[in-house]
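A.B. asks: Chains A and B are the protein sequences, given in the same order.
For the first sequence, UniProt numbering gives the first residue as 1, with consecutive numbering after it.
For the second sequence, UniProt numbering gives the first residue as 1, with consecutive numbering after it.
If you're looking for bench data, these hints aren't it; they were derived computationally from the structure.
Computed from a prediction, not measured in an experiment: that's the story for all the values here.
For every residue, glycine included, the Cβ atom is placed at its ideal position computed from N, Cα and C.
Keep in mind that a hint or two might mislead.
[As the list claims (entries may be wrong)] Below, computed lysine to any residue pairings styled on SDA-like, alpha-carbon distance capped at 25 Å:
#: 1; chain 1: A; residue 1: LYS27; chain 2: B; residue 2: LYS222
#: 2; chain 1: B; residue 1: LYS212; chain 2: A; residue 2: THR38
#: 3; chain 1: B; residue 1: LYS86; chain 2: B; residue 2: LYS539
#: 4; chain 1: A; residue 1: LYS27; chain 2: A; residue 2: GLU50
#: 5; chain 1: B; residue 1: LYS539; chain 2: B; residue 2: GLY556
#: 6; chain 1: B; residue 1: LYS212; chain 2: A; residue 2: LEU37
#: 7; chain 1: A; residue 1: LYS27; chain 2: B; residue 2: ILE585
#: 8; chain 1: B; residue 1: LYS322; chain 2: B; residue 2: ASP393
#: 9; chain 1: B; residue 1: LYS539; chain 2: B; residue 2: VAL571
#: 10; chain 1: B; residue 1: LYS222; chain 2: A; residue 2: ALA18
#: 11; chain 1: B; residue 1: LYS384; chain 2: B; residue 2: LYS322
#: 12; chain 1: B; residue 1: LYS212; chain 2: A; residue 2: SER20
#: 13; chain 1: A; residue 1: LYS9; chain 2: B; residue 2: ALA220
#: 14; chain 1: B; residue 1: LYS550; chain 2: B; residue 2: PRO529
#: 15; chain 1: B; residue 1: LYS212; chain 2: A; residue 2: GLU24
[Stated by the list, open to error] Pulled from the structure, derived: some chain B residues nowhere near chain A, Cβ distances all over 12 Å:
#: 16; residue: HIS221
#: 17; residue: GLU278
#: 18; residue: GLU349
#: 19; residue: ASP358
#: 20; residue: ASP372
#: 21; residue: VAL391
#: 22; residue: GLN427
[As the list claims (entries may be wrong)] What follows is a list of derived Cβ distance ranges for each label pair:
#: 23; chain 1: A; residue 1: ARG86; chain 2: B; residue 2: GLN354; range: 50 to 58 Å
#: 24; chain 1: A; residue 1: LYS28; chain 2: B; residue 2: TRP552; range: 38 to 46 Å
#: 25; chain 1: A; residue 1: VAL89; chain 2: B; residue 2: ARG404; range: 40 to 48 Å
#: 26; chain 1: B; residue 1: ARG375; chain 2: A; residue 2: GLN95; range: 43 to 51 Å
#: 27; chain 1: A; residue 1: LEU96; chain 2: B; residue 2: GLN515; range: 50 to 58 Å
#: 28; chain 1: B; residue 1: GLU225; chain 2: A; residue 2: VAL89; range: 52 to 60 Å
#: 29; chain 1: A; residue 1: GLY35; chain 2: B; residue 2: ASN528; range: 33 to 41 Å
#: 30; chain 1: A; residue 1: GLY35; chain 2: B; residue 2: GLU225; range: 16 to 24 Å
#: 31; chain 1: B; residue 1: ILE277; chain 2: A; residue 2: ASN33; range: 53 to 61 Å
#: 32; chain 1: A; residue 1: ARG94; chain 2: B; residue 2: ILE277; range: 24 to 32 Å
#: 33; chain 1: B; residue 1: LEU257; chain 2: A; residue 2: HIS105; range: 41 to 49 Å
#: 34; chain 1: B; residue 1: HIS242; chain 2: A; residue 2: LYS28; range: 50 to 58 Å
#: 35; chain 1: A; residue 1: VAL89; chain 2: B; residue 2: ASP393; range: 37 to 45 Å
#: 36; chain 1: B; residue 1: LYS252; chain 2: A; residue 2: LEU96; range: 38 to 46 Å
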Amino acid sequence: MATNIIQEKAKRCGELLARSPMDEEIKKTILENLGSLTEGDLDRLLFSLEQEDAHLSLLASQLSDFDKKQEKGWGRLAKDQEKKARDVVNDFSRQLERDIQNKIHAEMK
Amino acid sequence: MREKAPAVIKKTERKTKEKRGKSAKKVSVEAAVSLEAQETSRTKLEETQHNLLLMEQSAAFYALHYGKDDPITRDFATARQELEDKMREELFQDWVKSSGYTGSSKKAEYPEADKRTADNEERAQSDVGEKPSEVVSHAPYTEEDLQKLLEQSKKPENADEQEAVHQLEETFQPFIVQIQANKNEKGGDNIVILNAGEVIAKRKEEPPLSKKAQDILRDAHKQEEDRINEEQDSESHTPKTHEQNRADELRKEIARLAEIGGASPEAVSSDIVRLQIELEKLEKGPHKKRRDWGWIKERIKGLCTVGVYEVIQGRRFGKGTKEVAKDVGARTEEIQKTTRLSYEDALVEAEKIQFALDSIGKKTDQEKTVEDIDRFSEAITKEKVEQNNRVIDETVRQAESELRRRLTKYRNEFGERVVTNDEAIAQTINNLRTELKNLQDGQRETDVREIKTVLRSIDPKYWRRYVYGGVEAALWAAGGYLAWTKLAAEKVVVTGMKAGGQVVENVQMNNTIWQSAKELLVSHGVSNPTNQEALQLSKPFAELNGIGVKVWNLLGHPMDTMMQQGYLLKVPKDALKAVLRARGITI
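Isolated chain B (complex conformation) (with noise of 0.2 Å):
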């Protein structure tokens, strides 16, 4: 047989490196692929059992408290209903997939699960007496437990019972015991779910906190706020140190070579820059430090409700200056021009003369002379100039107490409240007066845009406060930053409602009830309001605020298709408390 040449051979390598690369780049984007399927399914099915629990929980709680025929407790049982049969179809699906089963869904038995359930049983039946390592309860109600709570609940005048209801309602949350006395040998899975009277039982056997031990948690707390408190009141109190003597000398030297360089600029500007450039980084080094407290703390405000805190501080700020910025451009119309003057103004302007001129007897134009013209329309301009400036201190005096009202609860980055920045508003409001008087010299017609701008510069970074709301909401996406235990859930809620400045009296109405239902649960702490939530607010507070909406058959004035951006909503604060309630917030 006649041998290959190496050419040949080198070629065949070539095409069948070639090909194995080929096909092991198939099978790495075939796993890439397969694996982010799977990923996918397994979230998905992990949101479902989420919802699951979370509509089981929201219907034990409304038959706990409105008993079990209530419609609120019916629709989140048959929502439940219909989320798990959705599931279990999905589930099935998939498993007619993989298996080839051809029959119907509700033939199927899925052998092998009953199987696994069958010996499971047999299992646990010859291990009785063996006590699991680790007990998880997400405490769904039983049947008999429900009935127990409601009978407890329609006797409120036992103060015992009154008591067990308010223990089961405090441990409605998951709860994680672990059993010391008994660590798991064997393997396998060990967790099981208690009903909630076992849950209390469970927690009855723990010993209470002695005395002592209260005594040294207190003691460490003083000890350590008080820690804390001077480290800041150091922080805040320190004499000048040497960097910042230094600053002021560079100040000082700065300003003198202003001084010396008016004349010849070219002379000192390269010292200037020189100091200028030291000075910066004397700056930079306290004043940061000083805020970054402040600043990680809102940051952490805006993770804590999904970076909606964020969004909420933006849009304030947002909405406040360009409401603001629409009621001053409203305003500007009656500022009027004194100079370059369009066609019409310079024609009344001229009427105004002619008939001053007419009223002095110099009627015809042999006794109309130039001084008089001149003087009059100086005059004009004078009345014109006076009359702007009294609009003009009007409009930036209406603007800056709609500032101060508009942006009371906005905070900056660093957690400052900008309205207390007396310097700050000042600063705006003479940039919005050079902006107005601009308007009367005719440079440029009146632009909302630009006086938005004027007025932004109070807080010029406030959109980053978008960025940062994206940034947060994403890094809770990706991985869940904060241990979510009921402990650190009270507190996003509490830290929310602070954001909002406690349960509000009154909300203005954003685009629909609808939203600004929606929008008050999320202030308070809900982070993703359900359609049903919404619902079970808006309501309430159509009713409360006599409201008419035509699809719920409520009469009222205004309609709801009638009503004003801004409408201020009193707030139906049973309902809210329900709905937080129905959600494990408690306020």
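One chain only, chain A, in its complex shape (with noise of 0.2 Å):
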């Protein structure tokens, strides 16, 4: 039953040994090293690696959200730019249109 437990314990270590973003380097020294290890050396690496699958996952969507948050906002940004460069356009136009009609009526006179 007990090394069952620790056969699993192991499965799910390299599993989640496999998906850390952790450097190659430090991947490989453990897994060359396993033979120095202890049961106990397991359930520290198991915690770990737990710990860090859980946090980072948690992380990235929360990284995720902002990203998506920030996508808004520059989005919003260009519409606001685009409206501003509108009404700009419109009142220099107005202003125009206002400007030829004046001189047009000053001339009638």
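These two chains come separately, so use the hints to put the complex back together.
C.D. replies: Right under this line is the structure:
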């Protein structure tokens, strides 16, 4: 029973190690030195990897949310800029129109 | 007794309510302030305790390697003692406030604390034989252990003893051992501190990992790794999906409409806009998905070094482009204007034309024709353009090679190396060429800021890194997203080192040797280098590079006060390793 648990732990540990964004050198060192690990070391390694996996998943989702919000923000800014530019051009053309009309009126008088 | 009128009663009730509301508000504000104060003092206490532990570890480390009388060991020990005294004094002052004690701090005996300790000891004696349920060691070396270690380190020829020293160093970090056999049933604080020897003994009690478990771990790792690789390969080699084919069709259609609409763009513009919106939607999906992992990986690197990696990357880009822009700006002085000449330039050109007319014998005003003047003016302009082209070609060539050199290590926010993106570089260089050509038309004067902006078009979102750096540092400070085990700490170190490209041979000086030393430590995973650590590294820096430092009585050339920004410094690797090891970071 206990052996099975350790084997399950070892399996999970191997999977998590492969998924971890940890540096390849560290992964290699761990795999090459499995012989010097104790069962306690396996527990500690598994604990760290589980923690890393859980927190990085959470972090990744938070960062993605942040990025999405940022993108939305940029999109909104671009729209605002466009609107502003349109308003300025409209104002300018209206002013121009008024000036021309005034000029025509003045000449007619 | 006359009854109060309802209006008066209402008024009184309202006043009472208001009073209650005010006092409730006051209480809640006071409670918030009190909670905040408690939180602040708790954080402060934790920080002090952490610093004490670090200093203790550093002192033990130096004592182990260089002996108890080493000045650095003594410095750490003294600093630790000072910090502890300060902490004790602060605690005493708090206690004075709460208890009303009026005597001297030296005489204060903390009667309650002493009583508690005595009770605990008594209880411990009566509970002899009971094992604690949880054991935590942060391995502060006892005098006895230190002596043993010192003796061991004096006899390096014995392999077993060396192994013992190695194991002690390995267990230097905080270490939790769970004793399954004796779960705590009585409750209470069962966390005890073990010395290093006991920690090693405890680890020796644990059964080694069986051969079968090792094989299972390796196999599982291999299988998962293969699966991930396959996934990545299939992502990059998948045949075109329906969406991608549709996107290609849309692109072709847009190009066709644009061609048709050349003469009357208003007739096709609404169709183009509609197709473009559809195309944008299609492009966003898979493209973003493909980049997500690289993006998250980069963010994680930033987080692991408390946002420093982000800022370093941002700075690397900002500084690189700024320096290149400066060089380009200096070279643009050689570009001669061909139109919209200034008064001085026009005079020079007029003189040249005059000289040319003189040389062909047309000295009087009657002899000088407009055609001649135009011909010479055109020849001068042509010569200027040719010379300008040479200057622009040379400037652009140099700018490109400088950009590539300075941004070698820079990665954009998706973790891609921008210097390998030839398309982006070519685009940037084209923009730069156009900008420089505009200068010769005399449309505007040389502006380094403009050139900088053009150069930064290579990664226009570069400055977002500063934002992310701050967000990540805030996330970090807010709660700590990673389990800070020894393994995670090592990961950070290696990630930090990779970011800087392993242990570097040379670094460019940034402002001062002191600052460069601190930045070097940061790039190797020390998130908050202390002045003591910067000093430990700065002196060897100066000595190795033969730099004179007056305050340290170091002779050399150049003097530290006369050094150029960007001066290439050799890295004192041994000193760097010593500082890193004191932090528990191994290279």
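A.B. asks: Hint by hint, note whether the structure agrees.
C.D. replies: Hints, verified against the model:
1. A/LYS27 - B/LYS222: holds, 12 Å
2. B/LYS212 - A/THR38: holds, 13 Å
3. B/LYS86 - B/LYS539: violated, 29 Å
4. A/LYS27 - A/GLU50: With a Cα-Cα distance of about 15 Å, the restraint between A/LYS27 and A/GLU50 holds, given a limit of 25 Å.
5. B/LYS539 - B/GLY556: Holds. B/LYS539 to B/GLY556 sits at ~12 Å (cutoff 25 Å).
6. B/LYS212 - A/LEU37: Within the cut-off at roughly 13 Å; holds.
7. A/LYS27 - B/ILE585: holds, 17 Å
8. B/LYS322 - B/ASP393: holds, 20 Å
9. B/LYS539 - B/VAL571: With a Cα-Cα distance of about 11 Å, the restraint between B/LYS539 and B/VAL571 holds, given a limit of 25 Å.
10. B/LYS222 - A/ALA18: holds, 8 Å
11. B/LYS384 - B/LYS322: Measuring from Cα to Cα gives roughly 28 Å; hence the hint is violated.
12. B/LYS212 - A/SER20: holds, 23 Å
13. A/LYS9 - B/ALA220: Between A/LYS9 and B/ALA220 the Cα gap is close to 11 Å, so the pair holds against 25 Å.
14. B/LYS550 - B/PRO529: Judged against 25 Å, a Cα distance of about 24 Å means the pair holds.
15. B/LYS212 - A/GLU24: Roughly 24 Å separates the two Cα atoms, so the pair holds.
16. HIS221: violated, 4 Å
17. GLU278: The claim stands: B/GLU278 keeps its Cβ more than 12 Å from every Cβ of chain A (closest is about 17 Å).
18. GLU349: holds, 39 Å
19. ASP358: B/ASP358 is indeed farther than 12 Å from all Cβ atoms of chain A, at 53 Å.
20. ASP372: It holds; B/ASP372 is separated from chain A by about 46 Å at its closest Cβ, greater than 12 Å.
21. VAL391: holds, 36 Å
22. GLN427: Consistent with the label, B/GLN427 stays out of reach of chain A, its closest Cβ about 20 Å off (over 12 Å).
23. A/ARG86 - B/GLN354: 50 to 58 Å: holds, 54 Å
24. A/LYS28 - B/TRP552: 38 to 46 Å: holds, 42 Å
25. A/VAL89 - B/ARG404: 40 to 48 Å: Between A/VAL89 and B/ARG404, where Cβ atoms are some 41 Å apart, the hint holds.
26. B/ARG375 - A/GLN95: 43 to 51 Å: holds, 47 Å
27. A/LEU96 - B/GLN515: 50 to 58 Å: holds, 57 Å
28. B/GLU225 - A/VAL89: 52 to 60 Å: holds, 58 Å
29. A/GLY35 - B/ASN528: 33 to 41 Å: Taking Cβ atoms as reference, A/GLY35 and B/ASN528 lie about 37 Å apart, which means the hint holds.
30. A/GLY35 - B/GLU225: 16 to 24 Å: holds, 20 Å
31. B/ILE277 - A/ASN33: 53 to 61 Å: holds, 56 Å
32. A/ARG94 - B/ILE277: 24 to 32 Å: Once the Cβ atoms are compared, 29 Å apart, the range 24 to 32 Å for B/ILE277 and A/ARG94 holds.
33. B/LEU257 - A/HIS105: 41 to 49 Å: For A/HIS105 against B/LEU257, whose Cβ atoms are near 43 Å apart, the range 41 to 49 Å holds.
34. B/HIS242 - A/LYS28: 50 to 58 Å: The hint (50 to 58 Å, Cβ to Cβ) is violated, given that B/HIS242 and A/LYS28 are roughly 41 Å apart.
35. A/VAL89 - B/ASP393: 37 to 45 Å: Holds, at about 39 Å.
36. B/LYS252 - A/LEU96: 38 to 46 Å: holds, 40 Å
Checked against the numbered hints given earlier, the structure breaks hints 3, 11, 16, 34 and satisfies all the rest.
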